[in-house]
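So the protein sequences, as listed, match chains A and B. Just so we're aligned, residue 1 is where the first sequence starts under this note's numbering, counting upward by one. Just so we're aligned, residue 1 is where the second sequence starts under this note's numbering, counting upward by one.
Just so you know, the hints here were simulated from the structure itself, not pulled from any lab data. It cannot be assumed that every hint is accurate.
What the hints assert, rightly or not - Taking lysine-lysine pairs in the DSSO-like style, the calculated list, with each CA pair at most 30 angstroms apart, reads:
#1 K639/B with K201/B
#2 K513/A with K513/B
#3 K366/A with K201/B
#4 K651/B with K124/B
#5 K31/B with K124/B
#6 K366/B with K201/A
#7 K455/B with K543/B
#8 K651/B with K543/A
Protein chains: 2
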Amino acid sequence: MSSLIEQLTMAPLIASVVGIAVAFFFYFRVKGLPEGTETMNMIGQYIREGAMAFLMREYKVLAFYSVGVFLFLWIAFQGQGTGLLAGLCFLFGAFLSLFSGFIGMKAATYANVRTSQAAREGSKPNALLTALDGGAVMGLFVASTAVLGLGVLYYIYAEDTHLATVLHSFAVGASSIALFSRVGGGIYTKAADVGSDIAGKVVEGIPEDDPRNPGGIADNVGDNVGDVAGMGADIYESLVAALVAAMAIALTARAEYINGLFTDGTTGMEARFLAVTIPLFLAGLGLAISILCIFIARALRANAPAMVLRAALVVPSIIMVVAALAIMPALGVSMSIPYALGAGAIGGALIGLVTEYYTAWGPIEKVAEASKTGAGTGVISGISVGMESTVVSLFIVAIVGFLANAVMPEGMGLYGIAMGTVGMLAGTAIVMTVDAYGPIADNAGGISEMSELGKEVRDITDELDAVGNTTAAIGKGFAIGSATLTVLSLFSAFILEVNFVREAEGMGSLVLKLDDAPILVGLLIGACLPYAVGASTMMAVGKAAQAIIDEIIRQFNEIPGLREGNAEPESTVIVDIATKAALSQMILPGSVAILAPVTVGFLLGPASLAGMLAGAVAVGASLSLFMANAGGAWDNAKKHIEAGGLEGHPKGSEAHKAAVIGDTVGDPFKDTSGPGVAILIKVMSVVSLLIAPLIATF
Amino acid sequence: MSSLIEQLTMAPLIASVVGIAVAFFFYFRVKGLPEGTETMNMIGQYIREGAMAFLMREYKVLAFYSVGVFLFLWIAFQGQGTGLLAGLCFLFGAFLSLFSGFIGMKAATYANVRTSQAAREGSKPNALLTALDGGAVMGLFVASTAVLGLGVLYYIYAEDTHLATVLHSFAVGASSIALFSRVGGGIYTKAADVGSDIAGKVVEGIPEDDPRNPGGIADNVGDNVGDVAGMGADIYESLVAALVAAMAIALTARAEYINGLFTDGTTGMEARFLAVTIPLFLAGLGLAISILCIFIARALRANAPAMVLRAALVVPSIIMVVAALAIMPALGVSMSIPYALGAGAIGGALIGLVTEYYTAWGPIEKVAEASKTGAGTGVISGISVGMESTVVSLFIVAIVGFLANAVMPEGMGLYGIAMGTVGMLAGTAIVMTVDAYGPIADNAGGISEMSELGKEVRDITDELDAVGNTTAAIGKGFAIGSATLTVLSLFSAFILEVNFVREAEGMGSLVLKLDDAPILVGLLIGACLPYAVGASTMMAVGKAAQAIIDEIIRQFNEIPGLREGNAEPESTVIVDIATKAALSQMILPGSVAILAPVTVGFLLGPASLAGMLAGAVAVGASLSLFMANAGGAWDNAKKHIEAGGLEGHPKGSEAHKAAVIGDTVGDPFKDTSGPGVAILIKVMSVVSLLIAPLIATF
């Protein structure tokens, strides 16, 4: 390793260690804050225990899964001489995800009740700060461990011939845990949400967070296991996958193309390893900038929190692009890299704006308006809005891809696209902070309501919650946009890897022609798979929600005094139903993601597998955007009506009930199936990349 | 033209002339039947006039469009020396579509009231026969004119260098008219259906076909313009596109690959033109078999009509495969062709069965069950069922593609896939007959109800209608399955054509590598487009339905005595709203389909265009299957509850109301957006194929 590369590798390692230290600082700061009344304390503890219990049971399932994959990799890569190494790197990637999820979610479950307490003390800025710090633990952990894990492996194995396998196995660990966490958490949170909502509002006529609702605790637990832990695993994976894609392309691209990246005449292995190191360095730079921005956001929080949080999603990327514009020429690197970064950063911000427009502005008024003539027209309108937003968002992704490709020197277009993704994900730490802030604020509202803290407290938590809803929608747009570009990069990395191996074996490149029948057959198979995950996750939420509704109705009928508020609901029974449903139903979609590329790869060969990935990314990217945005539109159309936005149709009117039905459909759309499909396509790409050497000579 | 090729070309021409003659025979037979009471006569006339008025106004819009495209082609193909020819062939393809739609729909609007009259006379077999004969006019016309049009052009231009342009322009005419008709008719029928349903049932509490409902006539008109005329244009296009794809591949495939098709040593131009002629010949064979089967179905109608109609969808394909197994060796043609045909025929039947399972059996009981806890869970459940059916159906299409490719000699895999499509579409005449039978029976029920003919008459028409609903779902599965394979074939035909032109210009083949950035960018653009059509058509139906609801409420409030049945509703106002909405809203999706390939092709070149088509087929095939099947599942879940299938939840219960909401969402899913998306991908492929020579040298 040359000293330049060593320095460029050390920088992100340092940034990530700082990130983890700051995360621990926030963790202990939040934990040390006062918890409020005994009731609040108790409810907070119920939520924390329910959430941690779910996580522990989920981890047990994942432990079995991980051991299985570990053994599979050990055996499968025996022939490559990397069996144990591949298995261990996979475990490392998985472990960092689980560890971040664990500590981040624990912080969130401390922060929720303490945010409620700060609101009870009447200080909105303090309440905001508590929720933000709680979210920052997860935000900093996921970004830092992603950079740290990859950085350490790269530092150790940079000059090892097995570097590719090391990085890819790490990514498979990150990706598959993300899929399980996101899908399991997503099923849990939406089953609990939909179930307790319907049973409460529709059947028993009581509000969402009413202390009598037996589903109230499960609903709040769900926010933590789905929107904090699940989301954390998702975002950790995004960063890992984007970096691995860029590094993998640099590792296998043709030498003369790599040389074209350098203006100072750097060539050969030095050029190649610089190209591998740059994405990691930039991610570390993004992390450092994000840490700074978190502190700036904290300082500015009192004035216009909505603007501050929104800016927080966009500003780090912009700063990083400017920094890259200054640094890259100094390293003798072509300006094309900061340009590609910039295309990604601007594209990400645009997608965020588009998502916000479709889920918070004019279009949701149309959905609310359509709800006046019933749920049928309301749902139709939301679907139409979701579809339209998909067109615009995906078109922006396409333009980013086009530009990131166009600015690069010959042959490095796909490296440029990977750089665009890195640019989009520069602010990961702060995006995740804001993402985790949302459910903490939401929980704080729930706790305030269940503890009957009164309207003034609830007003503060409601305002914090509203800010979180908008930023959550923006964050989702970012996530899916970056997922799409990441998959395109991984996809090309896969093909490069296949041909790299073939050439090393003296077999000659495989030309994957778009009009070869095996590729077209693969395309159709790939097009099925996102729907398989969509179907199974929608069904899982529907079934579990029905079981929860039945149980809540049973409790109201069988527990004397519950309806009158004189008896305690049996909340743990609901928590248990949601936990079991989530854990059992996450297996199928998770297995599809792992087994589909392995099966197609080994049975039909790399050409069909490439076709499959192409079909899956086209269908998966559009389907997940559609589901996420339609869900967001219904959610906010309902809130728009609740806020009195539809004259003559207040909360409780027929139009509002119609909008609630839209929201019910949208819940699993936006928080279970949509994100599940987005991760699916990444998992399949990462798995394909890992097994590329095994099937290259098919 | 060798005498063998001449004979093989004459056979389908004769079959199609026979088909048209038989169609006219049915037309006049139906027209001569008695019309029943004065009220029936009047209602029948209202429907006919409304339907014909829509068609006339639609044709005016299409005339402008056609003239525009005609001029564009004239200018664009000037350089190729085929300007006027391309324009005229386009007009010819469009004209045959419009002509078939006109006469077929006219027959349907004669048959509906006469079916009602036959039911009034108490004869179920006669009622069935009338509806069937009425449907057969459309069925025979679309299949016959497709074969006739292509056959005549081929006969004239077989030895002309411009044959490809001739065939492709004809297909563009057929495809673009199909898209407009399907989308325009789909918007009309579902806006009227949803609008009058909601206004009637929900707002005013009166049944769907109540004579007081001002939307009743428009609803029945909609069945004709959407499910008869729109569907007819769709199916005509399917056959044209499938044949043109097969012929285009044969025209441009490499000579040594073509030779591999023949076991008797035929080579050179004779081999190539035999390969071009065979699909046309087989379509003629399928048409002849279908004509026979229509007569057999008519003879057997008295016993188990449901079984007879179901068999009618599958049997012609099977007979054709058997016939092909006998004939092909006699022509010295490899057995691989009948094998590929067989794969398509069996795959088509399987998709039909899968579609029926998901939209008529166990899954719809689950959807009905989920409706017990409200519309939210009901809609979630239907989405899940729709998605699952998509996975299975698309997987079957993939397997058909795999097999049809695998059985072929080297290099002709895509010709095999095109043959599979021809096998799937062998029974077009009878499939369309059964498809058009459905809305005729539905109309007959509506007319009986509006004319207050009593329960016994209504029982007969209800039974006929129920049979039609199942067969409609099967027909839709067939249509989308064949559309997917057709697009794959067209897609490869496009690439072959591009390279054919490039080689003729001495430019060398374009290798479309799946991992080239322009292709991946195209893939993303293609993934957007089906959502653009989905969004605009869903929005169109939603908006028009709301306008209709408002107008119906106005009429009930402002027309004295309407609610009591003492005054006539102003039906024509509703007809007018639906007509205007349909005609204005079909422009955008239609333009997307034409302009997207032209824009991408000329701006980004053939590689991005190919990527775009790949993305569009992956997304479009899955999205349209999903929408069609989810819609079918909701529809039949509602009917299941109405038939008393959900104990304790009869018609009018909360569960039923929830299911009605699902059905409302499903209406535009299955009859507007789903089919619209399916045609979109075909139109884009056909347009790409046509402009291939213009952009090949990009």
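Can you give the numbers of the hints that this structure goes against, from lowest to highest?
Violated hint: only 7; rest satisfied.
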